[in-house]
Every structure is written in C-alpha cells, then in structure tokens.
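Protein chains in written order, with this note's numbering: chain W, 297 to 562; chain U, 3 to 296; chain G, 10 to 207; chain X, 63 to 268.
Calculated from the structure, these hints are not laboratory results.
Be a bit skeptical, because a hint or two may be false.
Said to hold, decoys possible - Calculated cross-link-like contacts (lysine-lysine; reagent style DSBU-like; alpha-carbon spacing at most 30 Å):
| no. | chain 1 | residue 1 | chain 2 | residue 2 |
| --- | --- | --- | --- | --- |
| 1 | G | Lys156 | X | Lys195 |
| 2 | U | Lys98 | X | Lys129 |
| 3 | W | Lys328 | W | Lys531 |
| 4 | W | Lys328 | W | Lys298 |
| 5 | U | Lys48 | X | Lys87 |
Stated by the list, open to error - Examples of chain W residues toward chain U, derived with CB under 8 Å:
| no. | residue |
| --- | --- |
| 6 | Val492 |
| 7 | Met493 |
| 8 | Thr496 |
| 9 | Pro526 |
| 10 | Gly527 |
Claimed, not checked - Rough simulated footprint, nothing fancy, chain U against chain G, three-plus residues with beta-carbon under 8 Å:
| no. | region |
| --- | --- |
| 11 | 63–71 |
| 12 | 133–145 |
Here a beta-carbon is modelled for each residue, glycine too, at the ideal position from N, C-alpha and C.
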Amino acid sequence: MKIDRRIIFVLIAISVAIPLIFKIGLPNKVTKEVKMVYDSIEELEQGEVVLVSFDHEASSLPEIKPMAEAVLRHCFSKNLKVVSFALLAEGTAIGDEILRNVANEYDRKYGRDYVFLGFRPQYTAAILGLGEDLHRVFPEDYKGISTFELPLTKEIKNYEDISLVVSLADGDLPTYWINYAEARYDQRIAIAVTAVMATTYYPYLSSKQITGLVGGLKGAAEYEILIDKPGMGSKGMDAQSVAHVVILLLVVLGNVSYFLSGKLRK
Amino acid sequence: MLKPKKRIFILFLLLLFFFLLNSITPAFAQKNEVEELKQRWFDPEKANVLAGLVTCIVLIFFFIIYGKKKGKLFIREIAGLQAIDDAIGRATEMGKPILYSAGLGKMDRVATMASMNILGTVAEKVAEYNTPLIFPNYDPVVMAVAQEVVKESFTRAGHPEFYNPDNIFFVTQSQFGYVAAVDGIMVRQKPATNLFLGTFEAESLILAETGNSIGAIQIAGTDSTIQLSFFIVACDYTLIGEELFAASGYLTKDPMVLGSIKGQDFLKILIIILVLAGGILATFNSEFLTKLFP
Amino acid sequence: MDIGILTSALLTLFIFSFLYKDNPFYKFAEHLLVGISVGYFLVIAINTTVLPTLFLPLFKEGNLLYIIPGILGFFMFLRFFPKISWVSRISLALIIGAGAGVSIPAVIEAQIMAQMKASMLKFTSFDGIVVMTALCTTLIYFFFSKKHTGWFGAPAKVGTWFLMVFFGATFGYTVMSRISLLIGRLQFLLGDFLHIID
Amino acid sequence: MRRQLPIIVCFGFGAFMLIQFFIPKRSFIFAYENVLDWMQIIYVFTLLVGVANYIKINSKKVTGKAKGWGYNLIALLGLFSMVILGFAKGTDQGSPFLWMFNNLQVPMQSTMFSLLAFFVASAAYRGFRARTKEATILLLSAGIVMLGRVPIGEMIHSSVPDLANWILNFPSMAARRGILIGIGLGTISTSLRIILGIERTYLGRE
C-alpha cells in the first residue's frame, strides 16, 4: 500500500502538537547512565573546576539546550567553577548565552565562578593542547580578556586542574575527547549527546572511558528529575511518546499491508 | 614512495631542528615527577600502546611487501561493488546520468580518500559509455581532487574528450544548503543511479529518501556508523565501514593496498584470539591479560 | 509582538513549507541561511582564531616561529591560481601527514586496545557471552581474505544479525532525536509565537 | 619537486607526530605543541579558502544573471551583513550580529534539521518490512528501542525499557565495537600508507 508521504507528514505534525497542547503527564524513569553523570558531578567538592564544551551546531539546539541547562544548573547549585568553550563554531554564541543565563539564575560572577573562552577549530589540536597548557590554546577569553588575568583561569594550567569534562555534542566530537583527553591525559569525561549519537557511545560507557551519558531530550528530562528542577525536557516527553507510537503503528500498517498483498498474489 | 635512506635523513633533520628549538627555549624548573619524566626518552606507561603499534606496523608492512612481491592477492567480492557495475550499466541503458556524492568529509578523512579511489574506477567505466557523471561537492579541496581523478580516468579510458569539468562542481559548505542543492539536482535531472560514498551526517536520510522518491538505484557506503542505519533502510546496497575502505583497494587492485587489507585481516584474527583468551582468563578470575591493556 | 520572534516564526514556516513541495519561500530561506551561516563562521573564525592564535603571537609578542604557519596558511589561497596551485599541497600535506601521525597511536589505544579490554568478559555471564560472540562474529564479517562460504559463512552470517540489531537500535534511537527536534520547533511556534502553550 | 616536496613534508610531520606520542621529553612536547598550533592555523585557512570560493561562485552567478540569481544575491547579502555587523558592532550580548544569529540562523537551522522527523517517519513506514530474516531483526530491534526509550514503553510492560537498554548495552554495543575496530584498523593502515607516501590521492593523481 502506498501512502502519499504528505499524509505521513501531517500525522507526525499532529501527534507532536496535540500532546504539547493537552498535557498527558506520563511518568518518566531515571536510567543508570544519566545517574552516572549526575553522580560524577555530585561527588565533586565545592570549588572544583568542570569544563563544559559546546561541541554542537545550531541545528541541534532543541536537544542540547535542555541538557546543557540541567547540567549547568547542577554545577552552579553545587558551587562548582565552570570553564566553557566551543569546539564547533556555531556552539559559540549559543554556549555563551546558555552559560550566562544559567549563571545569572544562581548569581554567579563572571571571571570568578565561570568563564567562556570562545571557539577553537581543529578540535584534535585544541583538545591535545589543553593537556599541556590552557593559556596557550586560549590566550584570551571570548571577550578578549587575557586568561592570565581572569581569577578563575589564572589558576588553571591543564587537565590536572580540571575535575571533569562535559562534552555537549551532536556529532563525533566526544570520540576525540576520549581518544585524546581521556586516553592520553586520563581526563574524566562525561558526555551529553543528542539521542541520535547516544548509541555510538555505549561501548565507551561499558569500557569506563566515559563516566556517564545523557542522551537527548529524554536524558534531559531524567536529569531534571535528579536535580528536581523540571524544565524543557520534561515538557516534551508526552509528545515524544505519542509520536513514537504513531510511527510504530505506521510500521505495523506497512507490514500488514505487505503480507496481505503477498498473500493476495499467491 | 621515498627511498628509505632519504626518509631516515629527513627524520634526522627534523629531530635536529627540534633540538635546536629546544636549546633556545627557556629552561623550566624541575620540581616534581612530571618534570622528571620530561627528561626521559620513553614514557613507560605507553609501553602497551607501543607493543600494539609495533604489531600493527609489522603485520601491515609484511603484507604490503608480500603483496608487492606476489603481485596479486585474493580479496573476496563485496556485494555493493558488483552492484555499482550493474547500476552504471542501467544508467547507460536508460540514457540517464549518474549522481556521485562524497558527503561532508574533508580530504583528510580516510573515507573521503577511499571515495576518491572508487570514483576513479567509476569514472573509467562511465567514460566508455559517455554517461554523464554529476558530482556536487561540499568541500573545495575535495572538488579539486575529484576533478583531477575523473580527468585522469577519462584519459585512461581513451575518451578525454568526454570529460566535462562543469559536472564536478562546488556547492556550499553548509550541510543543509548542500542537501537542498543535491535534492534539487535529483528532482530535476532524475539520475538513474545515486552513489553516496564518503562521510555523511544527518543529511544521509534526506538524500536517500529523495533519491528513493525518484526511483534511482542507490548504493551507499560510509564510515559514519549512525548514518549506516539509514542507508541500510533506504538504499539498495550499503558498504559498511571497513568495507568501504576495502572496496577502494579491491577496485584499484594496487597490490600494496591489497596487502595492507590482508594485514588488517590478520590483526582481526589476533584481536579475536586475544579477546577470547582474555575472556577465558577472566572466567577464572585472572587479570593477566586485561592488565596489559590501557 | 517582538520582531525577533516574528522573524524566526516566519522563517520557520518558510522552511516547513518544503514538506509540501519545493517553493520560492523555501528557496529564499535556504539561501539566506547558507549566506548567514557562512558570514557567522567567518566572523567567529577570524575573531577567535586568526587574531589570537596567529596575529597575537606574531605581531604583538614577536614570536617569529609563527611566520611558518602563517605562510603555510597563505599557501592555501594559491589554489585560485592554477599555475602555482601545487604549492598549496605542501600545507595540505602537513595537515594530513601530522593528522595521520597523531591518529595512529590514539586509535590503537582508545579505539582498539581499550575496546578489546572492555570485551574480555566472563564466559559465565550471559551478557559476556553475547558481547564476545557479537564482537567476534562482526569482526569475522569484516574479514576480506576469505569467502563467506562453508564453515566460515556461519559466523559471518551471525555477524550480520548482530549488525542488524545495531542498525535497528540506532534507527530507533534516532527517531527519538528527530522527534525531539520537531518538539523543540513546535514548542517555539505554539508557545513563544502563538502563546497557546506556556 | 612538485610531487616530492609534499610527500617529504607529509612523511616528516607524520613520522614525528607518531613517535612523539611515546617520548615525554620536554623538547618533544614543545615541538609537538608548535605543530598542533600550526595545524590549527592552516586548517582555518583551508576553511577561509572555502568561504572565498563560495563568494566567488555566488558573485559569478549574480553578475552573470544566471537562472535564479536573485537567490544567490540573498545569500551574499546575508553573508556580508553578518560580516559587516560582526566586525563593526562586535559580537557581544545585545549586538545586531548576535540578534541575526539568534533570530535568523538558529531557528532556520533547527527547523531544517527537524524536517528529519518527517523523513524518518516515512522511511520507517516504507523501509521496515519483514522481507528477510535480517530485515525482521532490524525491524524488531528498532521497534523495541523506540518503545523502550519513552515513558509509554514502561506502561505497556515494565520490562520494555530494560529490554531496550539491554539491547543498547550489549548486542548493539558489541556490534558497533566490531565496526569501530574494523574502521580503526582501516584508519591505521591508511594512515601508515599516507605517511609513507603510498596513499597520495589527496594530492590528486597527476
């Protein structure tokens, strides 16, 4: 049976829009890999440094933003210091803005509690460079202030002064973090990636090369449960469920019609 | 290839250069272990990686030399490759063009290099029948290389006059801008065959779905594991990861490349044996093998 | 209404119009998007890379070593002049060569040896057996020196089954990601733009 | 010279970057840091070449009044307004540059991406048919993961999310590991061939 693609398109639009308007309130359960990220931040002492890297493009913002907000809220509520930058150009302005907004929620001060260092292309070189000297890779922050002058970065030399790296990614950048920062400098790495990339990183989870994994909007929703601050992730979960069911029904319909047409031909 | 003597000489020069650099840099204070380590010539913690490296180099080299000597090595057929031949034939019969895309990869990606090698063979076949080969590009460097490869292939096939550089063109460095352009080409020119070989990202599904809607035969191959799942669902044949690399060796028939593929096969056997041995030891609570790994 | 939200909403709708079919609104948005993204990239690249990592050490700190990458970078522009375009290959050779050199030990350590270690599981656990079987059979599938027939065909076949499990799981997970993106856009249209939801 | 020089450079830097991994000596680290800087800088220039190429092609279409040149003009306008605003007024909070990014680029790009939600649904409908044993496995695995990753899966049966997680964590993970190791071996052998100058497609065949 051939359905015009546009009918499928309309079905999908409806199945996402309706649950957004009329909330159902399906329950959500926290998975182990998300809890592991939460724990690896939870166990840090006040004042330790977390490096948050915005390794994504503007297109995946709907998934990255809820995850970034949840993780940053956790960091700031724990009084951790946050050093941040972007390894993909489009993450730059986005990262700067998300970081500033969340920091303001918690009254954190720029330069003392958090910094944003801007963008570096050629991520291999940047990640490796951080293992030797942060000031060399980032002589200045995003605003052009020397990293030797900012109170927070003044104290940081390389990975030895960074307790955890969180890579927010929509591509294979975490692989570079693992291949270079983890393997070469024993840096602890947690990742928050779009759902599409999540399966890619399960092997690293079981080999303990990453300390945890937050996967997409669902992961964000789970993280929001853990820090007890419902946000964008939780709001989208109903729509997610309904859309999945509609797609599965379409697949079932496709198969039923396939087998029926096969029988008719016989 | 460079002569071995020359190679050692260059390496020596390079080392000398860096030593000179070193002598003019200010001395660092030597305080702790890290500083002490920085006086040494070898980092003992990396011994296991060195062992792995030596194993890889020895095996791959051995088979490269072996291949060079023997001239011809056996490589099994790869399903997607046979399909490429048929697909070219089909386009010729129908008098329709063939669309080629190397995806978003830059020239330093292994998949892009493999794609260029395959492009050479495809172009040679296409030249015999004078079937148009359209190749929109995402990266200007890849485009330049592709033009040279195709031109050379047409010459080798004895039809340099059929080569049209305007068919291999640069589109844009924006992912979705590129997709939109390729989609436009598909809808307007209706190619009989689409070849997607290289590094792909989210655009894979849009390309494959549009290609499907115009009824083209589609053969894909990529090293991006995620996109493989879309190609598998939406294309007729898919070269999975290493198959793409091997395919380029299979087509070029370069004994040195084939040799290195053999070398990889032996490494795979070694990996399987080691993993199973490690599993057996782990069953008896021995960490003898696992301890050796990083 | 906020002009920013109005603009984004209109452009969002222009792009969604592609689902019906290709049309001038979509083409307008598409070209505008490409242009703007290239412009954005140019500004960010110059502000945050060319200036601090090349010009700052070269002109402010007087570190003459940086002349080398400066010149090599400049070589890339010689691509536009066919007669001397070959010079740009030197720069390309450096990136590709050095990249290849860095990647070999990194791949051996993280992508091969660490993965092998993680797969050495106990044969007494079901999960361990599954992991080792799946790993070994997929590796056999990628074996090119021998035809997948006879005794060798069976494990290769099992390997394809595990590959299919992976492809299916990835597809399923991806569906999730793509729907999330749509949720994000609809949250914007229904919330920030139309104020139907909060 | 034309052919030899790039191969020599490639070999020199490739071999150095390979061996320095094992040598913690200060001089080597210094040299290695420098090479990393160089790679970064040259890389930016290759991207700038792409931008220059883009401007060249679009202006050619506009001045030549090629079909649909109006669209190329829009692209150029977008590009130059970003560049002029970015350099004249800065990129800080509240700058017009950032406004353009947030209100034009971000929404368009994420909408483009969200089109995939529709395509993925139509591909699933068309592609997931239980024709062969392999296709059936593909279909089942996709279905279980799709259900298991959303709250509704748990309402159907409490073991659905666990089953989905098990698939992701064990068979699927191990198969991907197999693909990864294969690609890794391919990368190593290609990289070795590049360093030795056997593989030189990137230079273009001459």
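We went through each hint and held it up to the structure:
no.	hint	result
1	G:Lys156 <-> X:Lys195	21 Å, holds
2	U:Lys98 <-> X:Lys129	23 Å, holds
3	W:Lys328 <-> W:Lys531	21 Å, holds
4	W:Lys328 <-> W:Lys298	41 Å, violated
5	U:Lys48 <-> X:Lys87	14 Å, holds
6	Val492	6 Å, holds
7	Met493	7 Å, holds
8	Thr496	6 Å, holds
9	Pro526	29 Å, violated
10	Gly527	25 Å, violated
11	63–71	violated (count 0)
12	133–145	holds (count 5)
In this structure, the earlier hints numbered 4, 9, 10, 11 are contradicted, and the remaining ones agree with it.
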